[in-house]
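Chemist: Listed below, chain by chain, are the residues.
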Amino acid sequence: RKEVEQDPGPFNVPEGATVAFNCTYSNSASQSFFWYRQDCRKEPKLLMSVYSSGNEDGRFTAQLNRASQYISLLIRDSKLSDSATYLCVVNGRNTGNQFYFGTGTSLTVIP
Amino acid sequence: NAGVTQTPKFRVLKTGQSMTLLCAQDMNHEYMYWYRQDPGMGLRLIHYSVGEGTTAKGEVPDGYNVSRLKKQNFLLGLESAAPSQTSVYFCASSYPSAGRETQYFGPGTRLLVL
Numbered sequence: 004r005k006e007v008e009q010d011p012g013p014f015n016v017p018e019g020a021t022v023a024f025n026c027t028y029s030n031s032a033s034q035s036f037f038w039y040r041q042d043c044r045k046e047p048k049l050l051m052s053v054y055s056s057g058n059e060d061g062r063f064t065a066q067l068n069r070a071s072q073y074i075s076l077l078i079r080d081s082k083l084s085d086s087a088t089y090l091c092v093v094n095g096r097n098t099g100n101q102f103y104f105g106t107g108t109s110l111t112v113i114p
Numbered sequence: 089n090a091g092v093t094q095t096p097k098f099r100v101l102k103t104g105q106s107m108t109l110l111c112a113q114d115m116n117h118e119y120m121y122w123y124r125q126d127p128g129m130g131l132r133l134i135h136y137s138v139g140e141g142t143t144a145k146g147e148v149p150d151g152y153n154v155s156r157l158k159k160q161n162f163l164l165g166l167e168s169a170a171p172s173q174t175s176v177y178f179c180a181s182s183y184p185s186a187g188r189e190t191q192y193f194g195p196g197t198r199l200l201v202l
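Going line by line, the protein sequences match chains F and R. First residue of the first sequence? That's 4 in my numbering, and the numbers climb one at a time after it. First residue of the second sequence? That's 89 in my numbering, and the numbers climb one at a time after it.
Chain R on its own, in the form it takes in the complex (with noise of 0.2 Å):
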């Protein structure tokens, strides 16, 4: 198994450009999430998704976009990057377990917007 895989591992990006980061698991979990970690303030939830086709906003969701077509995948999108969003972000995925999920990450996306 691959586990949780992240595309692509690292991008720059011209203010105003968008990408979209995809996010794929092969352990048939339900739930998936993207994270953004930056320097002192930890690791800040974006959106998440309970299953196939459902998505919902996190702590930081303004200026992204998901979508979760596939259960497989979990797709982060930037319609007109900013310098703000130069971040490491990750993506986790865990089965349902009433709020004691264990959260299994990819290796992260590092992005620069210059």
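Isolated chain F, as found in the complex (with noise of 0.2 Å):
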């Protein structure tokens, strides 16, 4: 089993349009969470962290749920400009060095 799954996608929007992206992990022992962002060819930049009681950065709304092992990420008002791969993090069981990413949800924002 992956350590975090993530739908693939791909989510093809209306500008304006509240999207939601779901993300499971395995390790139950897993303390750190994230939302990265990558762009086509480019390198993953971090888009937000994720808290326990859920944070809100903007249009962006991250959810961690720890008895179900699922983290959300709530987009709002989406623009052109959030087109790119989303990509799940979560730190690993035995050390908080490694990090395991998800394959990455893709989000079009369509005009």
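What the hints contain is simulated information worked out from the structure, not anything from laboratory work. Careful, some of the hints might be misleading.
[As the list claims (entries may be wrong)] To be clear about the criterion: a stretch of chain R counts as covered by chain F if any three or more of its residues have a C-beta under 8 Å from a C-beta of chain F, and this derived list gives those stretches:
| # | region |
| --- | --- |
| 1 | 131 to 145 |
| 2 | 180 to 191 |
| 3 | 194 to 202 |
[To be verified] Subject to a maximum C-alpha distance of 25 Å in a straight line, what follows is the list of computed SDA-like cross-link-like pairs (lysine to any residue):
| # | chain 1 | residue 1 | chain 2 | residue 2 |
| --- | --- | --- | --- | --- |
| 4 | R | LYS158 | R | SER185 |
| 5 | F | LYS48 | R | GLN105 |
| 6 | F | LYS5 | R | GLU118 |
| 7 | F | LYS45 | F | PRO13 |
| 8 | R | LYS145 | F | PRO13 |
| 9 | R | LYS145 | F | LEU49 |
As the structure is a prediction and not an experimental result, all values here were calculated from the model. All C-beta atoms, glycine included, are put in the ideal place defined by N, C-alpha and C.
Relying on the hints, combine the two individually framed chains into one complex.
Modeler: Structure representation (structure tokens):
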């Protein structure tokens, strides 16, 4: 079983729409959770960390459900510039230095 | 600041050839990482380093070696390249933060092994 699983999509949504991505992780001992964004043929960049109580950064909201081992990312009022692949990232079981990446969910925002 | 840089950006190798990928960071980060990214697999950790002179194996270390002789540089070596090592290689660095590190990635090296 993969450490981190994501729906690969693609998600094609119109501008202004709200879209949600989900991610599940296999190790209940994982402590740290993140969403990274990766544009086509570019390097990943941190979008936001995910905290236990949930957190918001502008149009982006991240939620963590430890009981279900589930992380979500909600994007409100989608912009064309949100088109990218969104990577779910979880820290490893044995040390905090190993991070496991999901395969990513592709989002295209359509004019 | 240049951030994290990688050399080369693109390389074609023949099976059995060797090469070294160079990663450099100017942010004085303690931690550095090498990942590979393949379609349908996501990024997978090859090796990482928590400080100058130290290295550790990640998820997929076979066929690769690394060295961290200077804090700002992390080298990834392929002694005898195989077609299965065709991939995009990303280097990253971070400050230590008890598992909450923000990783800063380089632009990647695209490697094709024929």
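Chemist: Next step is simple, just say for each hint if it's right about the structure.
Modeler: Outcome of the hint check:
Beta-carbon proximity to chain F at under 8 Å applies to 6 residues in the region 131 to 145 of chain R; the threshold of 3 is reached and the given coverage holds. Given as covered by chain F, the region 180 to 191 of chain R passes the check, having 6 residues with a CB less than 8 Å from a CB of that chain where 3 are the minimum. Requiring three or more residues with a Cβ within less than 8 Å of a Cβ of chain F, the coverage given for the region 194 to 202 of chain R holds, as 3 such residues are present. For the given pair, LYS158 of chain R sits about 21 Å from SER185 of chain R by alpha-carbon distance, which is consistent with the 25 Å threshold.
For the hint pairing LYS48 of chain F with GLN105 of chain R, the CA-to-CA distance comes to about 32 Å; that exceeds 25 Å, so the pair is violated. A hinted pair counts as satisfied when its Cα atoms are at most 25 Å apart, and LYS5 of chain F with GLU118 of chain R does not qualify at roughly 28 Å. For the hint linking LYS45 of chain F to PRO13 of chain F, the alpha-carbon distance of about 18 Å falls within 25 Å, and the restraint holds. Between LYS145 of chain R and PRO13 of chain F the alpha-carbon distance is near 33 Å, which puts this suggested pair outside the 25 Å criterion.
Pair hint LYS145 of chain R plus LEU49 of chain F holds up; C-alpha atoms about 24 Å apart against a cutoff of 25 Å.
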